[in-house]
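**Student:** Those protein sequences? They're chains W and C, same order as listed.
With the working numbering as the guide, the letters of the first sequence map in order to residues 267 to 385.
With the working numbering as the guide, the letters of the second sequence map in order to residues 29 to 214.
Because the hints were derived from the structure by calculation, they are not lab data.
Simulated coverage check for chain W against chain C, where a stretch passes if three residues somewhere in it have a Cβ under 8 angstroms from a Cβ of chain C:
#, segment
1, 276 to 288
2, 292 to 301
Looking from chain C toward chain W, a few residues come up when the C-beta cut is under 7 angstroms (computed):
#, residue
3, F53
4, G57
5, T61
6, N75
7, V78
8, L82
9, H86
10, G134
11, L137
12, I140
13, A153
14, L156
15, Y175
16, R176
Virtual Cβ for every residue (Gly too), placed ideally from N, Cα, C.
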Amino acid sequence: MSEERGREEALLARVLGAARAEADPEVLARARARIAEVGEVPSPLRWLGTPAALATAITLFVVVAGLSLALTRNDTSSGRESTSLVSALIGDDGSYGLPSSSAARASDSVTLDSGEVAR
Amino acid sequence: MADWDESELIARLRAREPQALGELFVRLGSAMTTLASSMLRNRDEANDVVEDALLRIHQAAPGFRGERGLRTWTLRIVANLCRDRLRRRRFVAPNSDDEDPFERAGLALDPIEDWDHALDQGVVARALEHAVEALPTDQREVVVMRYRLGMSHAEIMDSLGVPEGTVKSRLARAVAALRERMGRLE
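In isolation and in its complexed conformation, chain C is listed as follows:
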């Protein structure tokens, strides 16, 4: 998966080498920010979560044995922090369908290769993003990890600390909800 020496970076993080955290941020900062932005739908809050996650990584690194993989471990920390923030939110203003969901979350939309030009990619992507926003937290989490970050079921299982069956059932429910909201997912 990684074209860089993960075990070497883990060893440097464990030794609390000053440059190691920066290297982790270069490798995984985008995935961390994408996960936090997709979950919290607010770029400033997402940045705060990533900052807190870096601190936790620095503090916990000496005890990290690397069994789960650095990416899984890092995203697990980010996911836990996002869940804490969402739990603490007392009032959540309903998202308006008129707003751009990508802009609100601080996400950038890249062009999709081999896209059918009969369909407006931006319109489809925005409609799908609104549908993802409307999902309950536990389902949104697995959808973002699986389809946005391209994580395997096993990686999601390790990141969330739930059995694989739970990951699959959450994904199935989420896809059904997206299908219902979008009409057909094709």
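So that you can see chain W by itself, here it is in the shape it has in the complex:
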């Protein structure tokens, strides 16, 4: 069995080993031209094609996204403060510190009902 296997292996090696492909010198020339092209690219541009550039871009994206989120939160909270400041200045009910007409009406009606002068 192993003798037969050995004969098979020898035959395969002889027949398959008889076929080969010659290397084409044009292939080397083309590869060299591409290497030269890569060499001509300015180093900062070449760096953009490296995995380090991708990592840096992702890091920058995360940092910028974090900063903008933080700034947005700050804007929102300072917005609330200014709203409450304005509210404090003009009055929560929008009366600008003046007596409201309903209050005036109420005081009027009290005078009328009691028949007395409030002051």
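Given the coordinates of chain W, assemble chain C onto it according to the supplied hints.
**Tutor:** Relative to chain W, chain C alone:
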């Protein structure tokens, strides 16, 4: 194995010496092209793969420590590129048995020494080549490396990045398939 100073060539490749890639091509270009042609069955595509492999070798050489040997490392790069190409192929026209498989792949057939002249060497070689073409990629890969390029099990293991047991089982399945297709391999 190599009658040339492999470690010196590795050192020159690592230093990206301009002539080193050319020397590697002189030493291993035929094995690279034979592997790519045998796998892809198309000479133009095989040349493209060898070109890409040379570029990768040039780029990766500074990090190559030479543990696996230059031939194994180089053929590993070629095999990976061939596998990528075969994976990307969306449609593969079935090969016709009427076509010459060597011509299609851009392979040349040398005369075999001590061949039994009662058998037509060309007919046997073509029939076997058709059978090799019909093998699945993983089996064709080990058959080409073992019998066409004469690589050892350990070299194939390193080139493919699979355990030796896997190499042996793929070879056994491939030989069984060839035997079935050829009748008897004798």
